[in-house]
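Heads up: the sequence lines are chains A and B, in that order.
At position 359 of the first sequence the residue is numbered 359 (the UniProt record's numbering), and the sequence of numbers has no breaks.
At position 193 of the second sequence the residue is numbered 193 (the UniProt record's numbering), and the sequence of numbers has no breaks.
Please keep in mind that the hints were generated in silico from the structure rather than gathered at the bench.
Please read all numbers here as calculations on a predicted model, not as lab measurements.
We treat Cβ as the ideally placed atom computed from N, Cα and C, and that holds for glycine.
Among the clues, some could well be false.
Here are some chain A residues pointing at chain B (derived, C-beta under 8 Å) [said to hold, decoys possible]:
1. THR144
2. THR154
3. GLY212
4. THR231
5. GLN242
6. THR247
7. VAL249
8. ARG254
9. SER255
Going by beta-carbon spacing under 10 Å, a handful of chain A positions derived as facing chain B [what the hints assert, rightly or not]:
10. PRO81
11. TRP219
12. VAL300
Non-contacting residues of chain B with respect to chain A, defined by C-beta distances greater than 12 Å in every case (computed) [stated by the list, open to error]:
13. SER14
14. PHE27
15. THR29
16. ARG306
17. GLU380
18. LEU386
19. GLY409
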Amino acid sequence: MSEVVERRLGSGAVLILAGGVLGLAALIITVRRGVTEWPYALTFGILIAIGEMVQFRVDRSRNRAPIATSAALGYAVLRGPEVGIPPDVAQVIAVTGIATLAGVLPRVIAGMRWDIVVSCRRVLSVAGAAAVFSAVTPIDLYWTGSWRHALPLTGAMLLAVLGAATMDALIGAGQATEKFNQPFPAALRDEVVMAGRIGMAMGISGILLACGTSLLGLWGPPLVVVPLFLTQFAFRRFASAQRTYRTTVRSMARSTEIAGFSSPGQNARTAQLAVTLGHDLGLTPARMEALEYAALLSGVGQLALADPSPGGASLLRSRGERQQAAEIGASIIERSGVLDHVAEIVRHSNDPYRQGRANNSDIPVESGIVNVALAYEQLVGEGNGQSPEKAMESIGLGIGAEYDPVVVESLRRVIGRGFRF
Amino acid sequence: MNSRWPLRLTVAFSAGIATVALFVALFHTRPDAPTLTLGLLLLVGALLRSKVGPVRASLDYVVGIALFLLSGVAAAVVVSVLLPLTQDRRLPLMRRVFNGAMAVLCASAAGLVFLRAGGVQGKEVLESPGRAMFAATMAIITWLAVSAVLMCLVLWLDRGATSPLDFLRKVAAPTVLPMMGYGLLGVLLAVVWIGGLGIGAAILVVVPLLVARWTLSLYEAERNAQAATMRAFIQVIETKDLYTRGHSERVSEGVGMLGRHLKLSENRQQALEHAGLLHDVGKVGVPTNIIRKPGRLDASEMDAIRLHPARGVELIGNIPFLEEVKSAVLHHHEKFDGSGYPAGLSGQNIPYFARIIGIVDAFDSLTSTRSYRPARDIEETLQILLQDRYTHFDPHLVDAFVEVIRARGWVTVTDQPEPDSTVQAAIDHDDLSLGSGGGATGSAAGPGA
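Construct the entire structure; sequences and hints are all you get.
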């Protein structure tokens with residue numbers, strides 16, 4: 001989808017450097033002081049490495065390794081009575097860092113997808129959690145079986161997890177801004193929402209892991225890790241169902257190409273531009289998804305028209321015909337019963353701005369985005385070969401009448417940053 | 001109803017034992033904090049009932065397991081009776097009584113095993129975690145086993161739609177390991193509670209359970225969205241021809257019936273139904289004027305029609321289906337004697353799913369109305385299929401299909417247009433009724449081609 005921006009390193013290099021320096025420093029300190037309670041260090045190290053090894057990715061979001069995250073957070077907040085000398089901050093970082101590398105290495109060798117930047121982020125946020133926890137918890141506070149000790153401990157653990165989540169959200173938002181040119185506040189909002197759901201679940205699992213281990217010793221980890229594995233398994237199943245679903249929608253979109261209503265790759269290019277515009281305008285992930293589907297499926301209504309227009313240039317059709325096709329497409333999409341929002345976007349995707357969104361705030365901005373993306377693709381896409389500047393100029397002529405000014409402004413920014421199909 | 005009395009007797013008997021167990025437990029229980037709060041949690045959890053079966057059930061017995069370790073076996077038995085109180089009132093009384101009895105019996109049996117296995121309680125859990133975990137694991141296994149046995153018994157007596165074997169294969173077997181795993185959260189709940197956190201432990205442990213439930217519901221939602229989207233997609237393609245409306249969905253239904261008769265695994269059954277739904281998806285690449293053309297097609301138009309299986313595969317090639325779905329779509333017009341298209345495969349070389357779809361495809365086409373002829377009745381169509389064994393179809397599969405249709409029946413389309421000689425409609429490419437000899441040489445392209 002976004003190969004253009006995928007390979008820029010920028011913040012990634014900074015994160016790797018920070019993680020590397022921190023890890024190395026922690027390792028040196030730990031080696032000089034000696035490892036305390038090595039059975040725990042080994043157990044949690046193995047858990048982190050395994051979690052890192054079985055990391056997975058939900059379509060389009062970054063790699064996730066919930067078991068590794070929970071295990072590392074858990075290790076950072078261990079206490080007595082079972083853990084005699086809780087690991088200090090340096091040891092937490094060193095164990096997490098080494099285990100992370102040990103977990104990523106097999107993936108690299110096996111040629112599976114890996115992302116050292118994301119793994120580095122994990123190490124950094126765990127370091128944050130360890131620092132917060134050791135700062136707020138007196139060294140002689142441990143689990144005694146009384147709520148007087150249990151409550152402050154749990155509070156400190158929550159605080160540590162929250163610290164880690166905050167740090168990760170900030171870094172994540174910065175990266176999203178850099179990668180997708182999303183406005184920072186919008187990126188931060190997405191990250192916080194994500195941290196509130198998945199992040200919190202991982203954090204609580206880490207806390208439970210620490211509780212169980214502090215109270216039962218090495219009997220504790222299986223109590224948490226087994227359910228965690230089960231949930232991760234279920235989640236991967238969901239992720240693969242979601243992949244199937246997304247490719248189904250993409251295939252559905254390609255049917256217009258096979259039927260000759262649009263040129264090869266036209267839907268994909270339109271969707272690519274629409275997604276870039278959506279990022280630039282800071283839409284939420286849910287709306288981004290609907291926008292992508294709408295852009296992909298915007299031409300599906302043409303299937304009901306009798307014969308394809310040559311080259312699939314829907315700009316050449318009359319407005320009435322285009323709007324009729326959009327209406328048919330919307331009703332087709334609506335029939336599935338699960339893509340109502342997408343149908344709404346498609347329905348208005350050929351309405352000129354002045355008769356549409358300018359006077360009717362119910363029409364979503366996504367319709368305007370799809371409209372502009374369709375037009376720009378028609379002008380610049382394969383075979384039509386206008387230069388981006390020329391296309392921008394002719395779209396500029398339709399600003400306010402045909403096209404939504406906000407979207408055209410966004411298109412200008414996106415093109416200015418060097419967007420090419 | 002005479003045949004119901006074994007079932008009623010069983011329900012009454014289990015309810016009787018459950019009542020006795022409950023009374024014994026009541027005498028040994030004193031209402032302490034864990035019993036009260038977890039009982040309340042159970043009630044709240046039951047009220048927030050979701051449709052996702054397995055994990056929802058696990059929440060119940062996770063609480064039971066935790067109570068074994070916190071307040072003792074008797075308390076868990078007493079609390080387990082709360083559950084049936086919150087059942088849906090629309091369920092038949094007998095079902096509700098049985099569910100209640102089952103909950104109490106499971107808790108009692110698991111409790112006895114827990115005690116036999118040397119289960120400990122309270123502070124002792126922290127002192128001998130190994131013993132506590134062993135006893136709790138045995139209790140979890142017993143709980144699940146007793147519940148499965150009771151379910152099987154009642155399904156066997158009920159002789160309803162689900163046989164005990166189906167239940168074991170489709171519900172019990174895939175869920176038993178996850179259920180055992182989530183049961184460990186009950187032990188964790190008890191440990192953290194005893195460790196000093198009290199009710200806070202329940203709040204923490206609920207989070208992983210909720211996430212598990214959420215994940216399962218996500219999966220269901222995604223699967224449903226997938227199915228709905230594919231159906232909508234197919235309807236788009238069928239808008240090209242009035243007379244084939246609903247054809248793909250009926251074929252999917254038909255291959256589903258045959259697949260169940262052939263006892264396919266769950267995965268392959270689903271793949272077969274998908275293939276049935278998508279077999280004609282490539283028709284979107286055939287120009288509408290050819291699809292709608294009345295009368296015979298010339299050679300070049302025939303070639304365009306012959307392309308549709310390959311177009312279909314081109315279209316769905318990226319979707320991560322089982323490979324069998326794609327080969328079925330590609331070869332659903334092959335014939336058993338090798339005279340079909342696109343590859344001219346014959347006999348067992350034709351992919352299994354393609355052979356299945358070929359039969360149901362022809363069957364649905366013959367039993368539906370076409371512009372140039374009315375629908376045939378089912379028995380007549382089955383005779384045509386039987387005549388065409390070896391020439392068109394795999395004989396064993398035809399026999400199986402005829403058996404299935406004769407046993408289960410077939411709902412023919414009712415809302416189709418009448419045959420109308422004024423309508424300019426094409427000859428369906430699936431129609432083999434037009435060849436000589438009642439379809440014995442029926443051509444996929446229409447008459448005489």
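Hint check results:
A distance limit of 8 Å between C-beta atoms decides the matter here; for A/THR144 the minimum to chain B is near 7 Å, and the interface restraint holds. With 8 Å as the threshold, the beta carbon of A/THR154 comes within range of chain B, its nearest partner Cβ sitting at about 6 Å, so the hint holds. The interface hint given for A/GLY212 holds, since its Cβ lies 6 Å from the closest Cβ of chain B, which is under the 8 Å cut-off. Given the 8 Å rule on beta carbons, the hint for A/THR231 holds: about 5 Å separates it from the nearest Cβ of chain B.
Because the closest C-beta pair between A/GLN242 and chain B is about 5 Å apart, less than 8 Å, the hint holds. Taking 8 Å as the C-beta cut-off, the interface hint given for A/THR247 holds, the closest approach to chain B being about 5 Å. Taking 8 Å as the C-beta contact cut-off toward chain B, the hint placing A/VAL249 at the interface holds, the least distance being around 6 Å. Taking 8 Å as the C-beta cut-off, the interface hint given for A/ARG254 holds, the closest approach to chain B being about 6 Å.
With 8 Å as the threshold, the beta carbon of A/SER255 comes within range of chain B, its nearest partner Cβ sitting at about 5 Å, so the hint holds. Evaluation of the A/PRO81 hint against chain B yields a held restraint, the C-beta minimum of about 9 Å falling below 10 Å. Below 10 Å, beta-carbon pairs count as interface contacts, and A/TRP219 has one with chain B at about 4 Å; its hint therefore holds. A least Cβ separation of about 7 Å between A/VAL300 and chain B falls short of the 10 Å threshold, and the interface hint therefore holds.
With a minimum CB-CB distance of about 30 Å to chain A, B/SER14 clears the 12 Å threshold, and the non-interface call stands. The beta carbon of B/PHE27 is kept farther than 12 Å from every beta carbon of chain A, the shortest such distance being approximately 29 Å. Distance check for B/THR29 against chain A: the nearest CB is about 23 Å away, which clears 12 Å, and the non-interface claim stands. The claim that B/ARG306 is not at the interface with chain A holds, since no C-beta of that chain comes within 12 Å of its own (minimum 15 Å).
Against chain A, the non-interface label of B/GLU380 holds: every CB pair exceeds 12 Å, the least being about 34 Å. Listed as a non-interface residue, B/LEU386 keeps its Cβ farther than 12 Å from every Cβ of chain A; the least gap is roughly 37 Å. Every C-beta of chain A lies more than 12 Å from that of B/GLY409, the closest at about 28 Å, which supports listing it as non-interface.
Checked against the numbered hints above, the structure violates none of them.
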